[in-house]
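*Asks:* Each chain is listed here by its residues.
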Amino acid sequence: MSGEKIRLNTEWLCDCGGCHVAIVDLHEKILQVLEDIAIQKCPVLTDVKDYPEADIGILTGSIRTEHDRHAALEMRKKCKTILAFGTCAVYGGLHGAGLAHSKEEIMDYVYKSTPTTRTDFIPGENITGLEHSVTPIDEVIDVDLYLPGCPPHAHYIFESLSALVAGKTPRAGQESVCAGCNRVMKKTDVTAIMESGEPVGDDDVCFLSQGAICLGSVTLDRCLVPCPNHGIMCTGCAGPTMQILTEPNHDIRTEVSDRMSRLTAIDRDSIMAHMEKSAKTHYAYAMATKMIGNKPTFLIHKWIADVEAGK
Amino acid sequence: MSKTITIDPVTRIEGHARILLDCADDGSVNDAFFCVNELRGFERILVGMEASTMPQITARICGVCPTAHHLVAAKALDNAAGVKPPEAAQLLREFMYMGHFIHSHSLSLFVLAGPDLVFGLDGNMATQSIVGMVERDPDLSKKGLRLRSLGQKINETIGGRGIHPVTAVAGGISFRLSDGQFKKLQELTAEAVELVSELAEKTKKLLFALLDKNPALMEKLNSPSWYLGNVLEGKLNVYDGQLRPMDGDGVIKQEFGSSAYQEMMSERAVHTSYAKEVYLNLDGAEQLYRVGPLARVNVADGMETPLAQKMFEQFRGDFAAPNHNAVLQVYAKIIELVYACEKANEIINNPALRGETRVPADFRGGHGIAHIEAPRGTLIHEYDVDERGIVRAANMIIATQQNTAAINASLKEGANALLQSGDDEALLNSLEFIVRCYDPCLACSTHAMGRVPLDIVVARNGQTIRRLRRKYNA
Chain R
4 MSGEKIRLNT EWLCDCGGCH VAIVDLHEKI LQVLEDIAIQ KCPVLTDVKD YPEADIGILT
64 GSIRTEHDRH AALEMRKKCK TILAFGTCAV YGGLHGAGLA HSKEEIMDYV YKSTPTTRTD
124 FIPGENITGL EHSVTPIDEV IDVDLYLPGC PPHAHYIFES LSALVAGKTP RAGQESVCAG
184 CNRVMKKTDV TAIMESGEPV GDDDVCFLSQ GAICLGSVTL DRCLVPCPNH GIMCTGCAGP
244 TMQILTEPNH DIRTEVSDRM SRLTAIDRDS IMAHMEKSAK THYAYAMATK MIGNKPTFLI
304 HKWIADVEAG K
Chain Y
10 MSKTITIDPV TRIEGHARIL LDCADDGSVN DAFFCVNELR GFERILVGME ASTMPQITAR
70 ICGVCPTAHH LVAAKALDNA AGVKPPEAAQ LLREFMYMGH FIHSHSLSLF VLAGPDLVFG
130 LDGNMATQSI VGMVERDPDL SKKGLRLRSL GQKINETIGG RGIHPVTAVA GGISFRLSDG
190 QFKKLQELTA EAVELVSELA EKTKKLLFAL LDKNPALMEK LNSPSWYLGN VLEGKLNVYD
250 GQLRPMDGDG VIKQEFGSSA YQEMMSERAV HTSYAKEVYL NLDGAEQLYR VGPLARVNVA
310 DGMETPLAQK MFEQFRGDFA APNHNAVLQV YAKIIELVYA CEKANEIINN PALRGETRVP
370 ADFRGGHGIA HIEAPRGTLI HEYDVDERGI VRAANMIIAT QQNTAAINAS LKEGANALLQ
430 SGDDEALLNS LEFIVRCYDP CLACSTHAMG RVPLDIVVAR NGQTIRRLRR KYNA
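Taken in sequence, the protein lines are chains R and Y.
Each residue of the first sequence is one higher than the last, beginning at 4 in this note's numbering.
Each residue of the second sequence is one higher than the last, beginning at 10 in this note's numbering.
Don't take every hint at face value.
Distance windows between CB atoms, simulated [to be verified]:
1) Y:V260 - R:E311: 45 to 53 Å
2) R:E108 - Y:V368: 35 to 43 Å
3) R:D206 - Y:E210: 44 to 52 Å
4) R:S165 - Y:A361: 38 to 46 Å
5) Y:E264 - R:G176: 47 to 55 Å
6) R:K8 - Y:E196: 28 to 36 Å
7) R:D192 - Y:E365: 26 to 34 Å
8) Y:N425 - R:E108: 34 to 42 Å
9) R:K8 - Y:D258: 55 to 63 Å
10) Y:D188 - R:P202: 21 to 29 Å
11) R:V187 - Y:E365: 19 to 27 Å
Here are the simulated lysine to any residue pairs, SDA-like style, with alpha carbons at most 25 Å apart [unchecked claim]:
12) R:K8 - Y:K151
13) R:K32 - Y:K192
14) Y:K193 - R:V27
15) R:K115 - Y:A269
16) Y:K214 - Y:F128
17) Y:K152 - Y:E396
18) R:K32 - Y:R145
19) Y:K151 - R:S165
20) R:K280 - R:E250
21) R:K32 - Y:Q190
22) Y:K193 - R:H30
23) Y:K152 - R:K115
24) R:K8 - R:K115
25) Y:K214 - Y:N231
26) R:K280 - Y:E396
27) R:K115 - Y:S268
28) Y:K152 - R:I40
29) Y:K162 - R:C184
30) Y:K162 - R:L227
Calculated from the structure, these hints are not laboratory results.
For each residue, glycine too, the CB sits at the ideal point set by N, CA and C.
Input sequences plus hints: build the corresponding full structure.
*Replies:* Okay, structure coming up:
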């Protein structure tokens, strides 16, 4: 492609930096992308301070501090199209699990309760204030496109960027992780939920059929399915499928319990109870989004309080 | 009347970190603070999650060193279960880790520090980036980026994914490599070994040229400190072994395992930062110490692989041991990069890699501590697991956190030397360079990497009296 290059800004808010490394992980393909894109502001690669006018703005991370909020608003002002990139930007991400606790509770634990901390106060001078909770970016600014994933696989990043460069809307596949999994779902007579950490016997059979809790069926594929194809249960890092997000009375645990009880001899209620006891694990990536947080079936505070009280 | 000077890094870590100089009436610096402005609170968030997911969950603490968190969490769960993974699994984990080191050190050397090496410290800021570097020195840049890619592909093949790998579990590794994957990995590592020897020599030459041109770098930035790094039978090792402390005169102290870390280390909160400082409890006091490539090279007796050993000997011949100069972190990183490539090549050709990769590991009701050397220094994870397999308590000591006190000491030294000269540009350059030498990866609590362009706010009694910032061409 010749002519004017597409101008790109990227900015990271509260995140781990992995989404920006993921862009570098386009490897050889990055040169192809760079032919058509002029990178302006990018926290890893360039020293541009302000927010220049841009065609595309990639925002990674969620909003944790006053600064994050300011940066998101500035990006919105200057970029024609905003792409919420990565699970943190779209759903709040893993540190969104902090939603389950008050800011004070987190601070007290980190600065007063850990065994190696010898001081007994909470820092507060000359640092930006933390907001009360973690917020996905579309609760603060309008977002045009969403690319969840922790981080999104290079395949999806390349697909999105090349579509945007060509002036097209990126294909947003709706497949779940199950669609790309090599394991076969089958009805079994398994009667017990597998304890966490136990190696799961058969590499060719669906985890759910074997009594192991895998979130593949409720998770959007933005990863090309590395986990179940390497012997690991899906933990839902790209966030829930549209079905989970849009059905008010369906959520992660109801769907998984339904499916697993059909595939095994384990009853639905005991799977539900089991998942509630480790709800923080199963909802870790997406609990900060209102699409999950506001569901009538989602009682995370109760579930966590029960677990922490040893019930 | 004392005055406070605040230096805000604006672009790459805007809002996340800042430098604060607390000045006395005579203009000297009482204290310097590198302030970290972000907190995610993982230690609290992890409580209540399934322990089995810790290797995947904690990788998300840092997108720059996810494999370090991934592996140390798996090691901590091994210890909680009281099992030793089979040899093939240990080798696969270490091999995955070598891929990660190749990626991380290449990123740091060629993408982040590269522009300084190629353009010098007084280069034009607008072109001083990897993009400018590709134009100026395409051969070095392209080969450096290629090496990074090879490392990340190794990490991805073993870890299931490169960023936030998933395959290390309590008791080993969750899958076995196919013959096709073995062959591919042998090709990748062979190419890495070939590339690295050329890149190492070239990078070393650039570093020496930079030092020749800026003799002040070798004279300043020499604050002595203690060091901590992992060794296995005396040699530098980043995956397995014992922690070896060394005092500022180079005296090696008793090695310890991470099970003793609670007695050996003290974390101290500071009022001006979300990152806690860490001190070593040795010789009856809390000792300021450093971790990372230079610390590891300082404490080690030698390297496990031939070319890295040769470079290690040259380093010891050229510079005093222990070496306190933060600029030489780059040299130490080159030695470790060579080591990682050679070690990866050694492991992939080890037939033991084809054995069983996993043993059952029941960590319920267990307590596990483990350490690893992250690219930027020692990393410790500790978990208390209840009878149902849920995390009840978690604690972590992060690499960059351990360097905070040393960064503050260097900043104080640098600022004192330059503040009274009134040369603001020199102050900006110097403090920025000091921070960059420590290569702080704040992703673990924030996410700063590499270059740290600065804003300076000079204030007296809370009132800003002037503001200085660099202008960049967009």
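*Asks:* State for each hint whether it applies.
*Replies:* Evaluation of the provided hints:
no.	hint	verdict
1	Y:V260 - R:E311: 45 to 53 Å	holds, 46 Å
2	R:E108 - Y:V368: 35 to 43 Å	holds, 37 Å
3	R:D206 - Y:E210: 44 to 52 Å	holds, 45 Å
4	R:S165 - Y:A361: 38 to 46 Å	holds, 43 Å
5	Y:E264 - R:G176: 47 to 55 Å	holds, 52 Å
6	R:K8 - Y:E196: 28 to 36 Å	holds, 35 Å
7	R:D192 - Y:E365: 26 to 34 Å	holds, 28 Å
8	Y:N425 - R:E108: 34 to 42 Å	holds, 40 Å
9	R:K8 - Y:D258: 55 to 63 Å	holds, 56 Å
10	Y:D188 - R:P202: 21 to 29 Å	holds, 23 Å
11	R:V187 - Y:E365: 19 to 27 Å	holds, 24 Å
12	R:K8 - Y:K151	holds, 22 Å
13	R:K32 - Y:K192	holds, 23 Å
14	Y:K193 - R:V27	holds, 22 Å
15	R:K115 - Y:A269	holds, 20 Å
16	Y:K214 - Y:F128	holds, 13 Å
17	Y:K152 - Y:E396	violated, 51 Å
18	R:K32 - Y:R145	holds, 21 Å
19	Y:K151 - R:S165	holds, 23 Å
20	R:K280 - R:E250	holds, 23 Å
21	R:K32 - Y:Q190	holds, 22 Å
22	Y:K193 - R:H30	holds, 17 Å
23	Y:K152 - R:K115	violated, 47 Å
24	R:K8 - R:K115	violated, 52 Å
25	Y:K214 - Y:N231	holds, 21 Å
26	R:K280 - Y:E396	holds, 13 Å
27	R:K115 - Y:S268	holds, 21 Å
28	Y:K152 - R:I40	holds, 22 Å
29	Y:K162 - R:C184	holds, 21 Å
30	Y:K162 - R:L227	holds, 15 Å
In the structure shown, a violation is registered for the earlier hints numbered 17, 23 and 24, in ascending order.
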